[in-house]
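Start from the sequences, fold in the hints, and give me the full structure.
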Amino acid sequence: NAGVTQTPKFQVLKTGQSMTLQCAQDMNHEYMSWYRQDPGMGLRLIHYSVGAGITDQGEVPNGYNVSRSTTEDFPLRLLSAAPSQTSVYFCASRSGANEKLFFGSGTQLSVL
Amino acid sequence: GIQVEQSPPDLILQEGANSTLRCNFSDSVNNLQWFHQNPWGQLINLFYIPSGTKQNGRLSATTVATERYSLLYISSSQTTDSGVYFCALSNAGNNRKLIWGLGTSLAVNP
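Protein sequence lines correspond, in order, to chains A and B. Start counting the first sequence at 1; every next residue gets the next number (my numbering). Start counting the second sequence at 1; every next residue gets the next number (my numbering).
Among the hints, a few may not be true.
Unchecked claim - Incomplete in silico selection of chain B near chain A, CB under 7 Å: (1) N30; (2) N31; (3) G41; (4) N45; (5) Y48; (6) N95; (7) K97; (8) L102.
Unchecked claim - Calculated pairs, DSSO-like style, for lysine-lysine (alpha carbon to alpha carbon, straight line, at most 30 Å): (9) A:K14 / B:K54; (10) A:K9 / A:K100; (11) A:K100 / B:K97; (12) A:K9 / B:K97.
No lab work stands behind these hints, which were simulated from the structure alone. Cβ coordinates follow ideal geometry from the N, Cα and C atoms, glycine included.
If you want it as structure tokens, here you go:
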């Protein structure tokens, strides 16, 4: 099993550009989530989903959109990139609320 | 909401030493997990441990839910144990989101 797969691993954007970070899991997990990690601030939840067609906001949702059309995929869209969105982004999944969480390898995003 | 505090924030060890990392929380939990983020940024789930004790090789974890803390023990530390250790948890009132501590940064010197 591949587990949780994120692409791309690195990305540089200019302010105002849009892009989509891809996340896919092959474990048939219902729960999927996106985090950002900034120095000294730990992991902060952006958006999450508890199943196909169901999404909700986390702590820092502004500037990001998500959708969950299938169980496997949970893309994160940056609508108009800003320097404040420079960060490392992690996708994660778990089979249920009280189950182990598994992470992708991360995407390092720089917005100039 | 539930609060999480990890200690110590930083720890430096010589290879072969033992250490204990602590995670305190402010309310009852039904989900508590420990993670290791290695120096390359990869996040690995070490334990799912809302209560009780588990062991995996040189690592073990204990959660005392009634006292609202969890401990991660690392014995005979190796340089590959370096990185940041996070605890994350949730309770029955809001189990869709995990609340994260700020982590303990561990450096193991040869």
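* Which of the numbered hints are not met once you compare them with the structure shown? -> Failing hint: just 9.
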